Amino acid sequence: MTNTTPNTARPARSRRVRRGPLSLIGDVVLGLVVVLIFAPFAYTIVTSLRPPSDVVKDPLGWPTSLTIDNITSAYSKINYTQGLLSSTIDLVGSLILTIVIGSLAAYPLARISRSWATWVYRIFIAGSTVPIFVLIAPLYLLLRDAGLLNSYAGVILTYTALNLPVAIFFYTSFFRQIPIELEEAAAIDGSGPIRTFFVVLFPLLRPVTATLATFLTLAVWNDLLVPLVFVQDPSLKTVMVNAYSLVGSYTLDPSLLFPAALLGVAPLLISFAFLQRYIVSGLTMGAVKS
Amino acid sequence: MITRRPLVAVAFMAPAVALYLILVVYPLVQGLILSTTDSKIGNAADFVGLKNYAALANDSDVIRALGVTIAYAVVVVIAQNAVGLALARALFMRPRIRQLGSTLILLPTLMSAVMAAFVWNSLLAPDGAINALLKALGLGTLTHVWLGDPSTALWAIAVVNIWMFAGYSAAIFLAGYMNLPAELIDASSVDGASGWRRFTAVEWPLLAPATTVGVTLSLIGSLKVFELPFVMTNGGPAGSTTTLTMVIYVKIFGGGHGGFAYGATIAVLLLVIVVVFAGVTQALLRRREERI
Chain A
31 MTNTTPNTAR
41 PARSRRVRRG
51 PLSLIGDVVL
61 GLVVVLIFAP
71 FAYTIVTSLR
81 PPSDVVKDPL
91 GWPTSLTIDN
101 ITSAYSKINY
111 TQGLLSSTID
121 LVGSLILTIV
131 IGSLAAYPLA
141 RISRSWATWV
151 YRIFIAGSTV
161 PIFVLIAPLY
171 LLLRDAGLLN
181 SYAGVILTYT
191 ALNLPVAIFF
201 YTSFFRQIPI
211 ELEEAAAIDG
221 SGPIRTFFVV
231 LFPLLRPVTA
241 TLATFLTLAV
251 WNDLLVPLVF
261 VQDPSLKTVM
271 VNAYSLVGSY
281 TLDPSLLFPA
291 ALLGVAPLLI
301 SFAFLQRYIV
311 SGLTMGAVKS
Chain B
-5 MITRRPLVAV
5 AFMAPAVALY
15 LILVVYPLVQ
25 GLILSTTDSK
35 IGNAADFVGL
45 KNYAALANDS
55 DVIRALGVTI
65 AYAVVVVIAQ
75 NAVGLALARA
85 LFMRPRIRQL
95 GSTLILLPTL
105 MSAVMAAFVW
115 NSLLAPDGAI
125 NALLKALGLG
135 TLTHVWLGDP
145 STALWAIAVV
155 NIWMFAGYSA
165 AIFLAGYMNL
175 PAELIDASSV
185 DGASGWRRFT
195 AVEWPLLAPA
205 TTVGVTLSLI
215 GSLKVFELPF
225 VMTNGGPAGS
235 TTTLTMVIYV
245 KIFGGGHGGF
255 AYGATIAVLL
265 LVIVVVFAGV
275 TQALLRRREE
285 RI
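These protein sequences, in sequence, are chains A and B. For the first sequence, our numbering assigns the number 31 to the initial residue and increments by one for each residue that follows. For the second sequence, our numbering assigns the number -5 to the initial residue and increments by one for each residue that follows.
Everything labelled a hint here was simulated from the structure, so no lab data went into it. Only a predicted model underlies this, so the values are computations on that prediction, with no experimental measurement involved. Treat the hints with caution; some may be incorrect.
Claimed, not checked - Which residues of chain A face chain B? A few of them, derived with a C-beta cut under 10 Å, are:
| hint | residue |
| --- | --- |
| 1 | I126 |
| 2 | G132 |
| 3 | T188 |
| 4 | V196 |
| 5 | M270 |
| 6 | G294 |
A virtual CB, placed ideally from N, CA and C, is assigned to each residue, including glycine.
Bound-form chain B, shown alone (with noise of 0.2 Å):
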């Protein structure tokens, strides 16, 4: 029994734990102190104090930085889930094309950032295949550069993002439906109630574990969005697609501009914010459960 036994439950423990504290404790405090320097390329530095974090708040690229990512994280938190959430109940009422089904709108969630911006690019490229099939259709007029209009890039990974995560966030709400007592579920349908009041006076409600799933991670994922705009537009055209990891990465690993610590200085930033939108939310959507 290994709860008798204090020593072997240490050494079961050991190795997760000595790795866990080299590789994730330590970087974490080290990233913390390292925000409180001003180290250049990784080198021996000074203590500044707050200096790094008192800079935040007067660079307008940090700040703009922080605007695209929230804008980013808002419209697909909200899209993705939507759009989940009726793939999902549309296949909870078919119960024979479910499996495979699910199955199917999970494929884009396979592949991977770098491999999904390929195809992306491509399709969204001014020759590519999406306004050729606006041509086709008669569409001329809504052809458009996607990737290369400042008011549109964004956007652009927006959909690619949805597109690979709308299977997935169909997948949870899915889990949850088939959580739903069948019982209510049939309840509602002999009382005739219609579609819609029935999604809204019953599944919707019941759903409320499943939502505060489906929209933390999709929060937390998007807020660290970095391989779409990395691959797809590398912060452009005219940084309207610079996320937060994207000023990171070029502060820290961009060559030559010195910013390791202020680089880690924006990561801290990133942090407090994944924390705390990821908390709060969190925090408001189980109080919601709770209430019903």
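Excised from the complex, chain A in its bound form (with noise of 0.2 Å):
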């Protein structure tokens, strides 16, 4: 473009040759890409619903009959109710117990500027940088001694504490955008702290908690590592231990595997359908807002 082209005339054509085939070139590939990431799913979904020897005959081949054989199959050798309440109990006793101890603590912590409080927030923070595996052999002993192995109480407390850092930096950041005026007034009303944390600030917390939860159920209900390793009890395993049971035996069957796998992402799916809203934030705003 030379300096005599008229200055009137430069935007629009400079839009007009960057949005034409450059832009028809990016639509195609972020098509591709999502079809990339998607792909999986659909391949999965369409594989369980087909008969197995159609399958084996034909990995790719378009579905000519369903059956749903594969998933109530499935369903039974990963024995889906027991996993799903021993998953639903391990998750929803850890979701209550580190919104509840978590917002009670992030409150002081918020509030009290003294260099002792920076600490203790400091040193909760640091833990989530810490591997569970550094933690997870003198877990064991502990939880043994405790008599706490093979128990919804050791696995819920484990998760508690291993949370406690993100349910703190969440709660926290959120306090300190309240204002303090609200806790003042009431004060001025005769409201002591514990009846102004639950009745004044508490229900103000529900969109951070929202947020919380969906990570939090995330990393609950997908995590293998600290049921597999302290829960031996097969009433008390979870959905994806069970899961994993299949590991060995039938690696490469795709028609029990895939099923397998729709069941166990299925009530993530479906709760989040619900909540679609908290799903982008709650993954990003603990990243974002560091």
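Combine the two chains into a complex, taking the hints into account.
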């Protein structure tokens, strides 16, 4: 482009040039990447519904007949009902505990500006970089000595402790955005700190709690290591542990593994379909606000 | 007012502090102590000083696993963030599909590593969908025993990791794009800067905070990777996918080997690596943010 080109024409022209072929290539590439990301899901669903003999003959074939036999068979092979119950108890227990004690602790940590409070906060936050592998052997001994191996309590308390850094980080940054005048007004009305916390502040935490709960649900529901190591009793095993037990004997059979994978992710997909707007924030808030 | 009632403040913090001290801080200290003993299966043991640490330096399995872990992390961090950034930019430029697109690409992130491993183990199997697809496209020479060949197994797992989390990286970069000052983007487009020049001159420097977060998180995550190699290859073939976490797990819970204290020692090594790598990377990237 030369200097003699009239100024008024430049924006429109340059825009047309740029938005032309380049943008089309961009559309195609974006489409391809999204398809690549999404294709394994579609393939998993379709293959789960095809008779195993068809899949063996032609793994990429178009489904000619559909069946739910694979799903019912996977359902019973991984003791899905029992796994669902254990996973749900572990999840709900650790969610409630993490949210309650995390928000309680974050409140004074956000309001008190003394150096000891800063240190307590820092020690909590530092916990988020510690790999669980450093803790797992001593934790195992600790839970064994406390009689908490093979118990819901052991798993729930472990998840709560491991997730406290995230919870305290979320809640502390949120409390700092709440104007202190709110608490001052409540204090003038004669409300003590406990009442102020539960009646005035806790309801305000709803959005950040939903975001945190999304994050925690993914972390706890999808975890394999904690229940694998701390739970041997078959009646307490989670969906992931039961599914993992398929590895080895059937490692490569898609007609069993695919429906098992779908059963494992189904409760998350169903609950997140209703909470869609929290997914993105749940996954990125902790990341972006640091 | 909580600030004027120190006792109440302490009571508020007590449950979280107590649980954290008992189940995180105490095990962390115990883990450090354990690494200086000769404990076999978690029973009473004698103090042996730094003997376990000295053994690390001569343990070819550990050195190999360290190399595997670092190579894996470098590849995953670069590829995952590059794909994520490209996706974020593409979605940012297309406001009408941004919302839908950013939700769709997060679907793999919802999956547990166990479930993703199931799906990909089958896709990558010798007679699985990927080889079938290659044959159908007339690329039969490219078919491969992806997870059975020591030269490809680790990278096949890296692909699964990238598949799972590229959408997550994209969400971080997209949040960065949404924070860019709108005037700046408009001004540079009116100037007629080409797409690539606009990206390198304007967007990339301004995305520095998002880059710091994306790189640091993916680095920590990939150094700690466990479930993917554990379920997909169990460390094989020929140890080519044995990460540090795999070695730790086998030493501590592998049964009968009596490597309890030694496993704890390798875990301390992993902790040091995560803290040092993440710390240095974050410090460098933060300095870069300030320079820009």
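Evaluated hints:
Proximity of I126 of chain A to chain B is violated relative to the hint, the smallest CB-CB distance being about 12 Å (cut-off 10 Å). Interface restraint check for G132 of chain A: the shortest CB-CB distance to chain B comes to about 6 Å, inside 10 Å, so the restraint holds. Taking 10 Å as the C-beta cut-off, the interface hint given for T188 of chain A holds, the closest approach to chain B being about 6 Å. Nearest Cβ of chain B to the Cβ of V196 of chain A: about 12 Å, over the 10 Å cut. The hint is violated.
With 10 Å as the threshold, the beta carbon of M270 of chain A comes within range of chain B, its nearest partner Cβ sitting at about 5 Å, so the hint holds. A least Cβ separation of about 5 Å between G294 of chain A and chain B falls short of the 10 Å threshold, and the interface hint therefore holds.
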